[in-house]
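In order, the protein sequences belong to chains A and B. In terms of the UniProt record's numbering, the first sequence opens at residue 1 and continues consecutively. In terms of the UniProt record's numbering, the second sequence opens at residue 1 and continues consecutively.
FYI, nobody ran anything at the bench for these hints, they're computed from the structure. Hints should not be assumed to be uniformly reliable.
Stated by the list, open to error - Here are some, though not all, of the chain A residues that point toward chain B, as calculated from beta-carbon distances under 10 Å:
#1 Glu9
#2 Ala18
#3 Leu32
#4 Phe51
#5 Lys75
#6 Val94
#7 Ile124
#8 Arg136
#9 Ser142
#10 Phe224
#11 Leu275
#12 Ile278
What the hints assert, rightly or not - Here are the simulated DSS-like cross-link-like pairs (lysine-lysine), alpha carbons at most 30 Å apart as the crow flies:
#13 A:Lys215 <-> A:Lys75
#14 A:Lys215 <-> A:Lys189
#15 A:Lys10 <-> B:Lys97
#16 B:Lys97 <-> A:Lys215
#17 A:Lys215 <-> A:Lys78
Ideal Cβ placement from N, Cα and C applies to all residues, glycine included.
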Amino acid sequence: MKKKALDPEKRAERVSWALVTPLTLVLGFFLLLPIATIVSVSFWSYNEWSFYPDFNLDNYMFHLTSAVTWATYLKTLKFVVITWIFCAAIGFSVAYFLAFHVQSLPAQIALFLVCTIPFWTSNIIRMISWIPFLGRNGIANSMLQSLGITDEPLDWLLYSDFAVVLAFVHLYALFMVVPIFNTMMRIDKSLIEAARDAGASGLQILTNVIIPLTKPGIMIGSIFVVTLVMGDVITVRHMSGGQSASVGRIISNEISLLQYPAAAASSVVLLCTVLLMIGIMMRFVNIRKEL
Amino acid sequence: MEPRSRSFYALAAFFGLFVLFLYGPVITIGILSFQGPRGGLTFPMNGVSLHWFFDLFEEQAVGDIWGSFRRSFGLGLMVMVVTVVFSVMGGMAFRQKFRGSTFLFYMIIASLIIPSILVSLGVGLIFNILDLDVHWATSGFGAQLTWTLPFGLLIMFAVFNRFDRSYEEAARDLGASPWQTVRYVVLPIIAPMLIGVALFGFTLSYDEFARTLLTAGSYNTLPLEIFGMTTNVTSPVLYALGTLTTLFSFLIIGCFLSIVILLRRSQASKGSDAGKGMV
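Next comes chain A alone, as it looks inside the complex:
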């Protein structure tokens, strides 16, 4: 008997599986397995020099009942909210300008690239580069003094919460610009004309047509900004001069003390918080449709 040819649909599926195998292996070993390891290690015990398998909830008990944890989460959430507000406002305005006011495609691409190039350079250098600007003898202070706005240099510009938020906005505003620009470019211009013909004012067009249609882009950008700020390790430490706490710093401190199970428990709590926040935001957007 002749062997039956594989039906084309099954064949296509096998090809797809073969094509995604390498990718799945990488994500399996360097994403799923690490997360699973963190979850299991979070129940382990540790002493000064090692950590060993166990099942106890002490790490969680300690983490969740510590007043420091709660204060730090509150502080981190504060950073998230303020950064998000600025990023959303800047991202929307910049994307709006690029999408609706710049008329030619080459000009749009060129200006868009101008916005994205910093994204491809080092974050640490971009943080360091605020020092000459915000320092006690920095540009901002000398300008304020020569304009007569202040008599003596302001101390809170660098190494403060202000500097942390400034750096976050500087680093992550782009993550808002790109998805919002992407959704705005796909808005059918005739919808805006129709709204204008129907007598809508500029503000009405903005609030009733453009903002609802760009909501998916705003949401994707928000997911990026929220997760990046929540999981931050170095920006807060560097820009606050070590004075401000953040959830990422709790984890990295525990790691540097080699308290891996404690760091793992803190990580699991952070992961759950981030996933919860994203879960809420995902209700407003279908990511697969937006590509």
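Assemble the complex: chain A is given as a structure, and chain B must be docked to it using the hints.
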């Protein structure tokens, strides 16, 4: 075309300020890296010199800048190649639904949104438990791929969503095998986008910090080295290094963008309409 309204000028001014906000600080350290030998971390300039750049090339008291640069460069190239190849394969696979595709898609998204420090910690723990040594080319390499692959894949998904399938059908009708269709039709059309994926792969790896923090082992990559310097070094040598790496990044970006422009030009000059459906 509409007349330029007041909102145009307001938003144009805002855009200008945003660009200044993005580039101003980097330009500042660019200028300050030419400080005279006795200059400090802030203005005024105390003379103009290349002192701090020369300093970089001399034996360093702390760390090994050039070694870490070589490692970061090599790692960037490794990550770039793997990201491009795996993203194209994944992008092709996702053009049709297959069992497990939804799960894999969410895994890709998860890879993008999971805080980097968790990947770093998790990979570090696995190597620790298995009694393996972490090294930038093994654990660091894998940890970085969890950051670059999602970007590459999302770009490829967007590319293939806009891809006109009639080119492939035409190739098939002319008797091309599946491999020939991919090699001579699909890949040339998506080539400019692949350069984009490569750019993401290289630069994201070259600048990655958190995911390499616990996975690089005893040999630092450049971002780790620079971060170490921020706590020890308080002279403009830090700015000189920042200026050089930023210029290097600009050079890389410039190269990639030129390749894209050349590819597009050659596509246009061959009189083919390939890729027109992609804009």
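- Could you grab the alpha-carbon distance between lysine 215 of chain A and lysine 189 of chain A and see if it respects the 30 Å cut-off? With Cα atoms ~17 Å apart, lysine 215 of chain A and lysine 189 of chain A stay inside 30 Å; holds.
- May I ask you to test the interface hint for serine 142 of chain A with respect to chain B, counting a Cβ-Cβ separation under 10 Å as satisfied? OK, holds: serine 142 of chain A within 10 Å of chain B, min 7 Å.
- Item | lysine 75 of chain A as chain B interface residue, shortest Cβ-Cβ below 10 Å | 16 Å, violated
- Does the alpha-carbon distance linking lysine 215 of chain A and lysine 78 of chain A stay inside the 30 Å limit? Holds - the C-alpha atoms of lysine 78 of chain A and lysine 215 of chain A are around 23 Å apart, at most 30 Å.
- Query: With a cut-off of 10 Å, does the beta carbon of arginine 136 of chain A approach a beta carbon of chain B closely enough for the hint to hold?
  - Reply: With a minimum Cβ separation of about 8 Å from chain B (threshold 10 Å), the hint on arginine 136 of chain A holds.
- chain B contact restraint for phenylalanine 224 of chain A - C-beta distance below 10 Å: 8 Å, holds
- Query: At a threshold of 10 Å, is the proposed contact between valine 94 of chain A and chain B supported by beta-carbon distances?
  - Reply: 5 Å, holds
- Return the status of the interface hint for leucine 32 of chain A: holds when the least beta-carbon distance to chain B is below 10 Å, violated otherwise. 7 Å, holds
- Take a quick look at whether lysine 97 of chain B and lysine 215 of chain A sit within 30 Å of each other, Cα to Cα. Holds, because 27 Å separates the two Cα atoms, which is no more than 30 Å.
- Per-residue hint verdict: phenylalanine 51 of chain A, partner chain B, C-beta under 10 Å: 9 Å, holds
- Query: Given the hint that lysine 215 of chain A pairs with lysine 75 of chain A, does the C-alpha gap stay at or below 30 Å?
  - Reply: 27 Å, holds
- Message: Holds or violated: the hint that leucine 275 of chain A contacts chain B, with Cβ atoms closer than 10 Å.
- Response: 8 Å, holds
Violated hint for the displayed structure: number 5, the only one.
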